[in-house]
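Student: Okay, here's what each chain looks like letter by letter:
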Amino acid sequence: MSEAATASLLSARGVTHELGAHVIAACFDRAGRGVAFGLGDGSVVLLAAGASEPRRVDAHDGAVMALCPDTRADGFISAGDDGTLLRISPTGEITKLYASGGKWIEHVASFAEPRGGLIACASGRHVHLFDVAGQRLKTLTHPSTVTGIAFDTRGKRIAASHYNGASLWFTASKSNNPRLLEWKGSHTGVAIHPATDAVVTSMQENSLHGWRLSDGQHMRMSGYPAKTESLGFTRSGKWLASSGADSIVLWPFFGGGPMGKLPTELAQIENVLCTRIACHPKDELVAAGYANGIVLIAQISSQNVLPLNDVGPSPISALAWSPDGAGLAFGTEWGQAAFIDLSASRSPIRAASS
Amino acid sequence: MSEMLVPVTVLTGFLGAGKTTLLNRILTEQHGRRYAVVINEFGELGVDNDLVVDADEEVFEMNNGCICCTVRGDLIRIIGGLMKRSKKFDGIIVETTGLANPAPVAQTFFVDDGVRARARLDAIVTVADAKNLPARLADSAEASAQIAFADIVILNKLDLVTPEEADAVQARIRAVNPLARIVRATRADVPVETLLHQNAFDLARILDIDPSFLESDEHGHTEGVYSASFEVARPIDMQKFQQWISTLLQEKGGDLLRTKGILHIAGEPRRFAFQAVHMMADGDFQDVAVGPEEKSRLVFIGRDLNRPQLRRGFEACQVAA
Chain C
1 MSEAATASLL
11 SARGVTHELG
21 AHVIAACFDR
31 AGRGVAFGLG
41 DGSVVLLAAG
51 ASEPRRVDAH
61 DGAVMALCPD
71 TRADGFISAG
81 DDGTLLRISP
91 TGEITKLYAS
101 GGKWIEHVAS
111 FAEPRGGLIA
121 CASGRHVHLF
131 DVAGQRLKTL
141 THPSTVTGIA
151 FDTRGKRIAA
161 SHYNGASLWF
171 TASKSNNPRL
181 LEWKGSHTGV
191 AIHPATDAVV
201 TSMQENSLHG
211 WRLSDGQHMR
221 MSGYPAKTES
231 LGFTRSGKWL
241 ASSGADSIVL
251 WPFFGGGPMG
261 KLPTELAQIE
271 NVLCTRIACH
281 PKDELVAAGY
291 ANGIVLIAQI
301 SSQNVLPLND
311 VGPSPISALA
321 WSPDGAGLAF
331 GTEWGQAAFI
341 DLSASRSPIR
351 AASS
Chain V
1001 MSEMLVPVTV
1011 LTGFLGAGKT
1021 TLLNRILTEQ
1031 HGRRYAVVIN
1041 EFGELGVDND
1051 LVVDADEEVF
1061 EMNNGCICCT
1071 VRGDLIRIIG
1081 GLMKRSKKFD
1091 GIIVETTGLA
1101 NPAPVAQTFF
1111 VDDGVRARAR
1121 LDAIVTVADA
1131 KNLPARLADS
1141 AEASAQIAFA
1151 DIVILNKLDL
1161 VTPEEADAVQ
1171 ARIRAVNPLA
1181 RIVRATRADV
1191 PVETLLHQNA
1201 FDLARILDID
1211 PSFLESDEHG
1221 HTEGVYSASF
1231 EVARPIDMQK
1241 FQQWISTLLQ
1251 EKGGDLLRTK
1261 GILHIAGEPR
1271 RFAFQAVHMM
1281 ADGDFQDVAV
1291 GPEEKSRLVF
1301 IGRDLNRPQL
1311 RRGFEACQVA
1321 A
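Chains as they are written, first to last, in my numbering: chain C, 1 to 354; chain V, 1001 to 1321.
Hints are not guaranteed to be accurate.
[To be verified] Only pairs whose alpha carbons sit at most 20 Å apart, straight line, appear in this in silico EDC-like list of lysine to aspartate or glutamate:
hint, chain 1, residue 1, chain 2, residue 2
1, C, Lys184, V, Glu1061
2, C, Lys103, V, Glu1058
3, V, Lys1088, C, Asp41
4, C, Lys96, C, Asp58
5, V, Lys1088, C, Asp58
6, C, Lys103, V, Glu1061
7, V, Lys1240, V, Glu1251
8, V, Lys1087, C, Asp41
9, C, Lys184, V, Glu1058
10, C, Lys184, V, Asp1056
No wet-lab data here; the hints were simulated from the structure.
Model the full structure from these sequences, guided by the hints.
Tutor: Right, dumping it as structure tokens:
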């Protein structure tokens, strides 16, 4: 890994802002016109494409707990430990969509299609579903607190992780009976395969658990030195990328895997924990953030690694690709937030490694 | 290092013992400190505090084969969430429901790396109603457990009992838990600084196993929760002790609620402090010199304690005479 290259990419193609509070989440809007950072002081900081200065929105009384793109082309949905779910416009106007009465709202997710979309939030045992106008459609109740939610790629189903497994719901179903995917223990996050072949959860015991949906086959993926806090499938669905080791851990979801297969480990930084991963929206690339502040991009096929910045003082706590895959945003526990524009080169990895 | 960790105080006690009164006092008194409070019944508190967290007590079993290794998953989540907030606080108070066993809360601090990196268990405080405690101890295993786990017992509502009754109930508490500090109160009127920031789980603070607790077999309890205390004169063989205590905790950990010890290890000038909550154990050498002729002491609080067997086991850990 070349130190010189790392210094140049963020400084040459990116901007960094000191936001002064733990960056809990980062995400782009659907059109890729702006990026938002959710902070531990309750504010959401908006950075519009081309704007030099970020716009700070006082969103929550407490901390932001989760952030996702709005169902519209621009704007964001945020949730906080003040128990509110907010819609934030690109100009910083706030619309309250829901208030839980004080209970933390810990997760949000959205799904958009030309004719509509869905917004979901999790508070305690409940997942609330809203239409694009912010009208609550239904409430899905679980046996214990929901620790993660994810829509499938078509918005047909939503998965929620909780104690002793995950629940998979049809979003349009009239009958409120989920498919219960059972596995004893505390499940702390969830991801759905892009072709809805499998649901995978992260677990308290430094492992992942999966269910193949066609036949309910269990998948056990273990060996992590730490808990996986960040996981996601690559665009093709061939790989499941995860944090929780000193590399990006990739499980193969092809050729009979992951059962009986070893994971591929990319971009190892010895004894430095990978804290966040983000799969590229188009290509088989994974961005990863580490506890020493490093952010890099790894290409799965070539195993080439492109570092984007220098070692920093604080762990990476948020990481997100723009919808076109040309921009990357990240944030740290100590309040640095950055945006890097990688669009100038169609293939940054090849350019850097040559 | 431990100063960097946020102290967590666990507040237990049966319904009506005065827990809510105490919490309200902690939150409204002018002591210059801010506390985050994790409670089960939102709205029960009469204070408006943005650091009050509404939680469901959610216990799960770890998949590590220990039958008694239960953990509060909600606390792992909540502590993680609170630590991201910019508005800082001086400590976290976790209120448990009246019927809760405190063990899963304590075990959470042994098990989860994320919690250990950010927070430390400071003390378990149990509020006991002086009038009703004897009846609760007789009819509820949870009441015994709450007394057994306590580092501090607030013997509350003393205005409802005679001085003789108060002494009798204090003796009952002592029989269950000889290590806890007992604080007498009327309307939970206990100085906050004597409850919070106590470092009761800090091994370096296990200095005061009072010899008068030891070898007091006259309680003669045959059921319920009680304690057994032992001391031995010759230095301890570290390897033998570790083998014995780990086997014991594996086999009897379900019945051994809390264990504390101060040991004189053979050939080691410093004291060794040891503690366990059920099977979860922790031990380290302290920067305290072993005194001349200092004996090693060990206290078990639990159920079905076989005193002769425990004594023989501990005695066998000594180096040869």
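Student: If a hint holds in the structure, say so; if it does not, say that too.
Tutor: Hint check:
| no. | hint | in the structure |
| --- | --- | --- |
| 1 | C/Lys184 <-> V/Glu1061 | holds, 8 Å |
| 2 | C/Lys103 <-> V/Glu1058 | holds, 15 Å |
| 3 | V/Lys1088 <-> C/Asp41 | holds, 10 Å |
| 4 | C/Lys96 <-> C/Asp58 | holds, 13 Å |
| 5 | V/Lys1088 <-> C/Asp58 | holds, 18 Å |
| 6 | C/Lys103 <-> V/Glu1061 | violated, 25 Å |
| 7 | V/Lys1240 <-> V/Glu1251 | holds, 17 Å |
| 8 | V/Lys1087 <-> C/Asp41 | holds, 7 Å |
| 9 | C/Lys184 <-> V/Glu1058 | holds, 14 Å |
| 10 | C/Lys184 <-> V/Asp1056 | holds, 19 Å |
Consistency with the previously given hints fails for number 6 only.
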